[in-house]
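> Below, each chain spelled out in residue letters.
There are 4 protein chains.
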Amino acid sequence: MSSEISDLDLKEAGAQLAAESARFASFGWMRGTSGNLSVVVGRDPLRLAVTASGHDKGELTPDDVVLVDADGAAVRGGKPSAEAELHARVAALTGAGAVVHVHTVASVAMGRRAPGGIAFKDVEMLKGVGQPAHDVEVTLPVIANSQDMKVLGDRLEAAREPRMPAVVVAGHGLYVWGADPRQARHHTEVVEWLLELELSSPREA
Amino acid sequence: MSSEISDLDLKEAGAQLAAESARFASFGWMRGTSGNLSVVVGRDPLRLAVTASGHDKGELTPDDVVLVDADGAAVRGGKPSAEAELHARVAALTGAGAVVHVHTVASVAMGRRAPGGIAFKDVEMLKGVGQPAHDVEVTLPVIANSQDMKVLGDRLEAAREPRMPAVVVAGHGLYVWGADPRQARHHTEVVEWLLELELSSPREA
Amino acid sequence: MSSEISDLDLKEAGAQLAAESARFASFGWMRGTSGNLSVVVGRDPLRLAVTASGHDKGELTPDDVVLVDADGAAVRGGKPSAEAELHARVAALTGAGAVVHVHTVASVAMGRRAPGGIAFKDVEMLKGVGQPAHDVEVTLPVIANSQDMKVLGDRLEAAREPRMPAVVVAGHGLYVWGADPRQARHHTEVVEWLLELELSSPREA
Amino acid sequence: MSSEISDLDLKEAGAQLAAESARFASFGWMRGTSGNLSVVVGRDPLRLAVTASGHDKGELTPDDVVLVDADGAAVRGGKPSAEAELHARVAALTGAGAVVHVHTVASVAMGRRAPGGIAFKDVEMLKGVGQPAHDVEVTLPVIANSQDMKVLGDRLEAAREPRMPAVVVAGHGLYVWGADPRQARHHTEVVEWLLELELSSPREA
Numbered sequence: 001m002s003s004e005i006s007d008l009d010l011k012e013a014g015a016q017l018a019a020e021s022a023r024f025a026s027f028g029w030m031r032g033t034s035g036n037l038s039v040v041v042g043r044d045p046l047r048l049a050v051t052a053s054g055h056d057k058g059e060l061t062p063d064d065v066v067l068v069d070a071d072g073a074a075v076r077g078g079k080p081s082a083e084a085e086l087h088a089r090v091a092a093l094t095g096a097g098a099v100v101h102v103h104t105v106a107s108v109a110m111g112r113r114a115p116g117g118i119a120f121k122d123v124e125m126l127k128g129v130g131q132p133a134h135d136v137e138v139t140l141p142v143i144a145n146s147q148d149m150k151v152l153g154d155r156l157e158a159a160r161e162p163r164m165p166a167v168v169v170a171g172h173g174l175y176v177w178g179a180d181p182r183q184a185r186h187h188t189e190v191v192e193w194l195l196e197l198e199l200s201s202p203r204e205a
Numbered sequence: 001m002s003s004e005i006s007d008l009d010l011k012e013a014g015a016q017l018a019a020e021s022a023r024f025a026s027f028g029w030m031r032g033t034s035g036n037l038s039v040v041v042g043r044d045p046l047r048l049a050v051t052a053s054g055h056d057k058g059e060l061t062p063d064d065v066v067l068v069d070a071d072g073a074a075v076r077g078g079k080p081s082a083e084a085e086l087h088a089r090v091a092a093l094t095g096a097g098a099v100v101h102v103h104t105v106a107s108v109a110m111g112r113r114a115p116g117g118i119a120f121k122d123v124e125m126l127k128g129v130g131q132p133a134h135d136v137e138v139t140l141p142v143i144a145n146s147q148d149m150k151v152l153g154d155r156l157e158a159a160r161e162p163r164m165p166a167v168v169v170a171g172h173g174l175y176v177w178g179a180d181p182r183q184a185r186h187h188t189e190v191v192e193w194l195l196e197l198e199l200s201s202p203r204e205a
Numbered sequence: 001m002s003s004e005i006s007d008l009d010l011k012e013a014g015a016q017l018a019a020e021s022a023r024f025a026s027f028g029w030m031r032g033t034s035g036n037l038s039v040v041v042g043r044d045p046l047r048l049a050v051t052a053s054g055h056d057k058g059e060l061t062p063d064d065v066v067l068v069d070a071d072g073a074a075v076r077g078g079k080p081s082a083e084a085e086l087h088a089r090v091a092a093l094t095g096a097g098a099v100v101h102v103h104t105v106a107s108v109a110m111g112r113r114a115p116g117g118i119a120f121k122d123v124e125m126l127k128g129v130g131q132p133a134h135d136v137e138v139t140l141p142v143i144a145n146s147q148d149m150k151v152l153g154d155r156l157e158a159a160r161e162p163r164m165p166a167v168v169v170a171g172h173g174l175y176v177w178g179a180d181p182r183q184a185r186h187h188t189e190v191v192e193w194l195l196e197l198e199l200s201s202p203r204e205a
Numbered sequence: 001m002s003s004e005i006s007d008l009d010l011k012e013a014g015a016q017l018a019a020e021s022a023r024f025a026s027f028g029w030m031r032g033t034s035g036n037l038s039v040v041v042g043r044d045p046l047r048l049a050v051t052a053s054g055h056d057k058g059e060l061t062p063d064d065v066v067l068v069d070a071d072g073a074a075v076r077g078g079k080p081s082a083e084a085e086l087h088a089r090v091a092a093l094t095g096a097g098a099v100v101h102v103h104t105v106a107s108v109a110m111g112r113r114a115p116g117g118i119a120f121k122d123v124e125m126l127k128g129v130g131q132p133a134h135d136v137e138v139t140l141p142v143i144a145n146s147q148d149m150k151v152l153g154d155r156l157e158a159a160r161e162p163r164m165p166a167v168v169v170a171g172h173g174l175y176v177w178g179a180d181p182r183q184a185r186h187h188t189e190v191v192e193w194l195l196e197l198e199l200s201s202p203r204e205a
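Chains as they are written, first to last, in UniProt numbering: chain A, 1 to 205; chain B, 1 to 205; chain C, 1 to 205; chain D, 1 to 205.
This list has only true hints and no planted wrong ones.
Facing chain A, from chain D, some residues (calculated, C-beta under 8 Å):
id, residue
1, 31
2, 32
3, 33
4, 34
5, 56
6, 105
7, 108
8, 112
9, 113
10, 145
11, 147
12, 171
13, 172
14, 173
15, 199
Listed below are the simulated SDA-like cross-link pairs for lysine to any residue, each with C-alpha atoms no more than 25 Å apart in a straight line:
id, chain 1, residue 1, chain 2, residue 2
16, A, 150, A, 162
17, C, 127, B, 73
18, B, 121, B, 139
19, D, 121, A, 201
20, B, 121, A, 116
21, C, 121, D, 201
22, C, 79, D, 179
23, D, 79, D, 97
24, D, 11, D, 77
25, C, 121, C, 186
26, B, 121, A, 147
27, D, 150, A, 136
28, B, 79, C, 131
29, B, 127, A, 53
30, A, 150, A, 139
31, C, 11, B, 59
32, A, 127, D, 113
33, D, 127, C, 77
34, C, 121, C, 136
35, C, 127, B, 61
The set of hints was computed from the structure by calculation and includes no laboratory data.
Every value quoted in this text rests on a predicted model; they were computed, and no experiment measured them.
Glycine included, each C-beta is placed from N, C-alpha and C at the ideal position.
Work out the full structure, taking the sequences as your base and the hints as a guide.
Take a look at the structure:
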């Protein structure tokens with residue numbers, strides 16, 4: 001992927017992020033103006049298109065997008081969310097092509113209940129994040145929240161479970177990633193489903 | 001803002017309120033004909049456009065709006081809800097440009113569980129009402145219900161927490177406000193999200 | 001209202017019932033092909049338009065309607081649900097102009113929890129069924145289920161609380177009525193909201 | 001039904017499955033790319049149209065369909081899900097004309113709570129799967145999950161309750177069937193409703 005990102009490329013990325021964003025907003029996972037989505041548009045150097053900050057996530061237009069670098073600093077477009085830095089770090093760390101950050105009630109509720117990490121096992125839905133449906137326990141890490149994206153990124157890097165393309169930020173929400181926006185969407189739906197299952201009916205109960 | 005409110009101004013306010021209202025109705029927060037929304041259209045003297053009483057809140061038209069004064073009395077349009085008086089008082093008291101009143105199950109449920117006020121702390125979503133995500137406890141006041149809008153307004157004024165643009169009326173619902181209808185919408189979504197979190201998974205549990 | 005019901009009258013009633021029905025189906029209150037709606041189209045003799053049996057309630061057309069008499073027997077159109085007899089009895093007994101029968105999880109769950117009737121008090125939403133928001137307890141009757149519509153009607157008549165335009169049928173669902181389809185809709189939404197509140201957060205708990 | 005399935009027949013089946021699939025996806029029952037639907041298009045030999053694997057179930061097109069035989073092997077179209085074999089076995093075993101496989105939170109939660117089977121009784125909604133609303137207990141079987149479709153099929157065959165057109169696969173989801181896609185849809189909605197009722201408010205509690 002070339003580092004030359006045209007305005008049209010950025011707008012196309014913005015259109016894609018707006019559509020994904022409206023979808024998540026319709027689920028109630030981006031209340032207020034919470035959450036943000038990104039897609040990698042260049043690797044050398046790293047460039048991400050990130051949804052613009054402060055907008056209603058159900059009402060984004062293709063222009064509500066910012067081009068950021070590996071530090072989450074704006075290269076083009078308006079002011080990105082501070083969290084753009086974490087999106088860029090996730091993309092660099094995991095090789096993901098798209099990152100989803102949403103505020104779901106189930107993720108914060110389960111983060112309270114299981115602050116050391118949320119273990120899943122023997123659930124077919126685990127196949128939706130590339131894991132076996134039987135016998136193997138996979139833990140969704142829970143990390144402490146911070147307003148310092150460097151600190152939050154260090155925590156994510158230290159806690160990351162390579163088999164799970166997601167992390168819960170306690171008292172905050174979910175970060176989920178995938179090869180592209182559609183896979184990141186599907187990973188997000190799967191992780192949220194797993195969280196809703198544990199919330200309604202814990203495995204050990 | 002001039003005190004001369006044209007019919008067109010009022011109709012535009014009505015269209016905006018109808019759209020916001022349909023949105024909240026789709027969430028199930030305005031069942032029956034419950035709730036009402038307002039937007040400040042003049043400050044000197046105070047004038048608010050308020051949704052007309054008795055209509056299905058998912059089916060309002062731009063004409064289903066009443067212009068009221070600081071006492072909630074109709075200046076133009078049909079008969080406003082008695083609650084228009086409280087909308088006007090919130091606007092005068094807080095300087096808000098828009099007020100949302102909805103009947104959500106979570107607000108009444110949490111008002112029963114925490115009649116002395118609902119404390120939130122260490123939740124990122126608090127930033128959505130302008131509060132810190134860490135260390136600071138912010139309380140959403142709960143006030144007793146009344147059919148006397150003067151009494152209800154006195155209670156709201158006495159209980160109001162300046163850091164929280166919302167109040168729960170016990171056995172009744174939520175009042176939330178913001179600079180304009182969109183910010184009031186976002187504040188409402190954030191407060192309701194916080195209530196749903198506490199309802200499903202109390203902080204102290 | 002004349003007893004002469006034209007085909008056009010019936011089709012218009014069918015269109016109205018189809019729209020109301022699609023609305024309730026979208027809430028998940030008419031799963032499978034459950035539930036039915038009716039509107040009174042003649043009083044002397046009593047005539048009701050009732051939704052046809054066996055159809056998906058989100059996919060009714062204006063023709064999916066049957067004209068029935070006071071016994072629920074078909075006067076025109078296809079085969080009505082056996083429950084049409086109960087619709088007609090409710091209309092005769094209460095003077096209602098429209099009857100809603102839906103299968104909601106909350107009504108059956110609360111019928112299990114409070115088989116002697118579900119008491120509501122000090123909830124503003126009670127005003128949505130014409131009751132005071134303060135101090136007065138109003139009970140939503142719960143009656144035992146039956147496949148014999150005469151028996152079920154007798155139970156409904158015996159248990160009916162004149163202040164509450166609704167009855168829960170245990171293990172079955174809700175009957176709700178109003179002056180016209182829109183008011184019956186609003187009464188249904190209000191009663192269901194009250195049931196969801198009690199289910200999530202009982203008053204005495 | 002002839003064994004000659006034209007491309008047009010297959011595409012029509014695909015269109016029908018895409019519409020049914022989008023409906024279930026909108027309920028949140030097919031998160032990620034989970035679940036699959038089928039319709040029998042030939043009996044001698046057995047031929048089923050099955051939704052293609054790996055796609056978002058809310059975004060299927062009429063071409064996202066595979067024609068499979070009694071072993072679930074592709075006769076035409078792309079690669080079917082391994083689960084196509086189980087669809088074919090259900091169709092052969094029960095005579096069903098359509099099979100629905102969805103991943104609902106309530107089915108997995110109830111499978112945890114009642115691993116020996118989920119008993120329903122005295123619920124009107126049972127009539128939606130052809131059972132009496134009174135006095136008769138009907139059990140929805142729960143079978144252990146497996147990645148071996150032969151094993152899973154044997155378990156389904158052994159556990160099957162002829163009065164209940166559905167089986168819960170523990171830690172996995174629901175299989176439901178009916179004479180055609182619409183009846184299979186209605187059976188699915190009814191079974192899920194029953195599961196949600198028991199989950200929120202157990203009969204014996």
